[in-house]
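Participant: Residue numbers (this note's numbering), protein chains in the order written: chain A, 1 to 612; chain B, 1001 to 1249; chain C, 2001 to 2233.
In short, the hints are calculated from the structure, not lab data. Beta carbons: idealized from backbone N, C-alpha and C, even for Gly. Careful: at least some of the hints might be erroneous.
To be verified - Which stretches of chain A does chain C cover? Using the computed rule of at least three CB atoms under 8 Å from a CB of chain C, they are: (1) 168-175; (2) 184-191.
Unchecked claim - Here are a few chain B residues that sit away from chain A, every Cβ distance over 10 Å (derived from the structure): (3) L1095; (4) E1099; (5) Q1139; (6) G1150; (7) V1183; (8) L1188; (9) D1208.
Unchecked claim - With the C-beta cut set under 10 Å, the calculated list includes, among others, these residues of chain A facing chain B: (10) L59; (11) P63; (12) G65; (13) S197; (14) R474; (15) F477; (16) S478; (17) F480; (18) V483; (19) P491; (20) L492; (21) D500.
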Amino acid sequence: MSYASFVIQLLNGLAAASSLFLVSAGLSLIFGVTRIVNFAHGSLYMLGLYGAYSLIEALGRTPLGFWSAVILAALAVGLVGVVIEVVVLRRIYRAPELFQLLATFAIVLVIKDVALAVWGSEDLVGPRAPGLAFPVEILGRRIPAYDLLLIVIGPVVLAAMWLLLARTRWGALVRAATQDREMVGALGVDQARLFTSVFFVGAVLAGLGGALQIPREPANLDLDLSVIADAFVVTVVGGLGSLGGAFLAAVLIGVAKAFCIGFGFSKLTLVVEFVIMGLVLVMRPYGLLGKPPATARFGEPAPPLQPPRRWPVVAWLVAFAVVPLLGDRYITVLMTDIACFALFAVSLHFIMGPAGMVSFGHAAYFGLGAYAGALLFKKAGLPMELALVLAPFVAGLFAVVYGWFCVRLSGVYLAMLTLAFAQISWSVVFQWDELTAGSNGLVGVWPSMWLSGKPAYYYMTLALCGLGIALLWRALFSPFGYVLRAGRDSPLRAEAIGIDLRAFQWAAFVLAGTLAGLAGAVFAFSKGSISPSSVSIAQSTDGLVMVLLGGVETLTGPVVGAAIFTWLRDTLARETEFWRAALGVVILLIVIVFPQGLVGGLKALYARWRPA
Amino acid sequence: MNGVVLRVDALHKAFGGVQAVEDVAFAVSAGELLALIGPNGAGKSTCFNMLNGQLEPDGGLIEFEGRNIVGMSPRAIWRLGVGRTFQITATFASLSVRENVQMALYSHAGKLTQFLSRFGSELRPEADALLAQVGMLDQAERPCGVLAYGDLKRVELAMALANQPRLLLMDEPTAGMAPRERVALMELAARLARAQKIAVLFTEHDMDVVFSQADRIIVLDRGRLIAGGLPAEVRANRDVQAVYLGSGH
Amino acid sequence: MLRVTDLHAFYGRAHILHGVSLEANAGEVVALLGRNGAGKTTAMKAIMGLVPPARGEVAFAGARIDRLPPYRIARMGLGYVPEERRIFTELSVMENLEVGRQAARRGAPTWNADRLFKLFPNLGRMRERPGGRMSGGEQQMLTIARTLMGNPKCVLLDEPSEGLAPIIVHEMAESIRTLKGEGLSVLLCEQNLRFCEAIADRAYIIEKGQIRFGGTMADLAANASLREQYLSV
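Required output: the full structure, derived from the provided sequences and hints.
Facilitator: Here is the structure:
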């Protein structure tokens, strides 16, 4: 690579870094003050991009029209942020962290469908920036003038934000609230207004990040999750709550991606940021410029875990067992799905509830188990039964590798690293056409003859998933499971009585990954095909939603949650094109009505909604 | 010296160029209670965290039963026979009192890796014996998350005794307790330690507890030991009065 | 100034306060004495709205405040100094004070940074130092100064002597006497009877969430069995 192309790639990277920085800075600011990981931040970015597109169309492709549109779009997104804060989040600041996450994820679903309804599913390509569309010649290469401007905007926003935070009363309040918002309230500061203003600023930054990209990338509906994954990575690499860190990380990742393209390894771009994140987190667990997070001051201790009572479990099993006798093929298929997802959710609950390790990327093991089963069957030519048995261990092997890194971290950082590994897995599956058939997925993954009937396959599913769930539940009451719970309650004390907590957590990760892999493999053979969506962020969040819907604090919660969620999604998807939004609204209502995640309340709701 | 369990010599630690602990040396013998006192920020916690393996010293020697433990992990130090309690109680809130103690016993017995047997079926009499020692047997079934603060301290003491330690490190054992409870807890710890020939090193703010329970006292100020000796000697020391005790005592 | 009537409060599921009644008049220093876990801190938090009162009434300067959020209560001129100090460790001394700043208030002494540095000279020597790099005693002074920046008529002081070296406790008592001299009312939680004897006009004793005694410091000094029973000093 010549010196000139090196410089050009560097400039490309810096231009890409600006928007990445803006959206991450907003995410970080909001997290710092409200302690909410705003999953919808990528959606706000997406709205900024769509908004700028429409406003430019309305205001005209002139420099004035363009820049007015960018600024108005950013401000409009800021107002959307205010609405989100006032209507939803303000009601749940006292709810458990994970419930807030669930709420912001529901907002992702709603915004996606709103965008679908307003702008349609086609990619929208915006105009090039009027007045800045000309190329500038640097070292004999041409680079768009607009990109050079973007390179400047990042540091300018960084400086402005720094001034705002370090030199104004608002900044002092924000930094104080980041540490102890209750105390700020006791000193006479109206928290609600402060939070709303923080949300506004954070959303404006996301909207601006999106709007500025309009000449560089088309507006499309997949941006929400891909941008939020990028922003998570930047925030975590830079250190939560550190603006300078976010900038550094955005530059690092933007430039690394640009060089991947420049060197001709464009396939690596999806993976490279996650590799950087993995490396940084292992060396500096709190990010480049981050500090260890303040420990929660009044963490409600987890209640004691009760083993499931016998008769409801027997009743459930009987209920499940009689389903095929009803003779309704649809219900049998639905129940097969529910059984798979129940095991998936229980395995996720195993690590995030009793073991206290929240995973945003549990789909990695589900999807890898599914692909392993399909590949062992189709490519390696193994009998279906053997493929099904071996597949979970392949997923478990990945959990061995991923888990080794993950158990070194805790809290939000751990969650984000799990997301990174899931995204790496997804990228590989998505891009390795020769092996996985890429985005088309693998087809013809059918079970053996004796299992080809839906009821037969259903009974096998019920047996395997039931055994998996029983194994996980049993393990929770063994010394091994007690160590996990003890380690969640007090890592300090666990270490002080000679327990190698990490080793136990690692083992828990592998066990949960293996059983998620079993769920995935069973699922793959039930459908006859498997696509990359089984490894996707959306699949991971489905798992989270199931666990949280049912309630983290009980063992049966995840099973109930899996059943409700799977049924609800299926029902809504058959009723309306906008099933995501409908699902999102349902989740929001549940979160707002039962902010403490009461399983009982959900059960009542479920009873009311069940088709009569 | 005979009976010395813990010997510290020339201990150093600096944070960002500031000496937090400087040239500290002392020793504790079996069955002896040594109090480490000093104003806030004197380096007591830093000192403590180096002894229990949480922090690595910049220089110096920490010898437990004649063996240098500098650089060992907290886990390894515990395995050698060092128990500890925390300034802010650290127990397993979702487990019962008995299960908390059993957890320490299981760990000591190397029985934690069992995967399918039910936890709690073994080592129950041993756990109950420890709980009886600290007067918590009647609350054995309650989860630690609902206990009163003073009771948590007792549970911690029982857990710290589970590995039959020869050295007990207690960081502000009575912080946050009512005055009468404080002396009672420390009396209990002292009685158990003397009976079992355990060496005890503790930090403490409450001078009533220190002067009534400690066999010897050492005083830390700005990272350095400024005095040491029997309670009466320390109480009479002018330097100690100036930096710490004030004229009221 | 402050009147609490039959206050009940829960912490989680635990019923902590069982009908607490007390009052503090303008310009008075009133001590709330009791053992750890007796309900002192919860009483303060319930008055301040940080723990929602389940039943009972809190009136401040003639107005009901027992359903208001903490920031509204603070804006009425009731200051709160928490037990654990809760300094903003990343913020400098000046910034900590800025967060506490409110407009001047009629009927209450008006404070600014310079006046506070006269009251706590140590703080004046470390204006730009982050709160996290101060000693316990300095933090205790800063947390009081920060609350005074809101120009309160009355302050709730939760265990100001806790964890301080005896010399600093002595200085703290001096400062509180100065505040009283300014006309401020103070409701003070303490376990340290000697400290209260030095500064308080009246005292209440709280035990298991109920008031067991209310009277002047002289009454309390004369009643040894009361002190033995509830304060165990």
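Participant: Hint by hint, say whether it matches the structure.
Facilitator: For each hint, the structure was consulted:
1. 168-175: With 4 residues closer than 8 Å to chain C, the stretch 168-175 of chain A meets the three-residue bar; holds.
2. 184-191: holds (count 8)
3. L1095: It is violated; B:L1095 is separated from chain A by about 6 Å at its closest Cβ, not greater than 10 Å.
4. E1099: Its Cβ does come within 10 Å of chain A, the nearest being 7 Å, so this is violated.
5. Q1139: holds, 14 Å
6. G1150: For B:G1150, whose nearest Cβ neighbour in chain A is about 17 Å away, the distance exceeds 10 Å, so it holds.
7. V1183: Per Cβ check, B:V1183 is outside 10 Å of chain A; nearest 25 Å; holds.
8. L1188: Fine: 20 Å to the nearest Cβ keeps B:L1188 off the interface.
9. D1208: holds, 28 Å
10. L59: Violated - the Cβ of A:L59 stays beyond 10 Å from chain B, reaching only about 54 Å at its closest.
11. P63: violated, 51 Å
12. G65: violated, 54 Å
13. S197: The hint is violated - A:S197 has no Cβ within 10 Å of chain B, the shortest such distance being about 35 Å.
14. R474: For A:R474, the interface hint holds, since the closest Cβ of chain B sits about 6 Å away, which is under 10 Å.
15. F477: Holds - the Cβ of A:F477 comes within 10 Å of chain B, reaching about 6 Å at its closest.
16. S478: Given a least distance of 5 Å, the restraint on A:S478 holds.
17. F480: At about 5 Å, which falls below the 10 Å cut-off, the nearest Cβ of chain B leaves the hint on A:F480 intact, so it holds.
18. V483: holds, 5 Å
19. P491: Result: holds, 9 Å to nearest chain B Cβ.
20. L492: holds, 5 Å
21. D500: holds, 6 Å
The structure fails hints 3, 4, 10, 11, 12, 13 (numbered hints given earlier, in ascending order).
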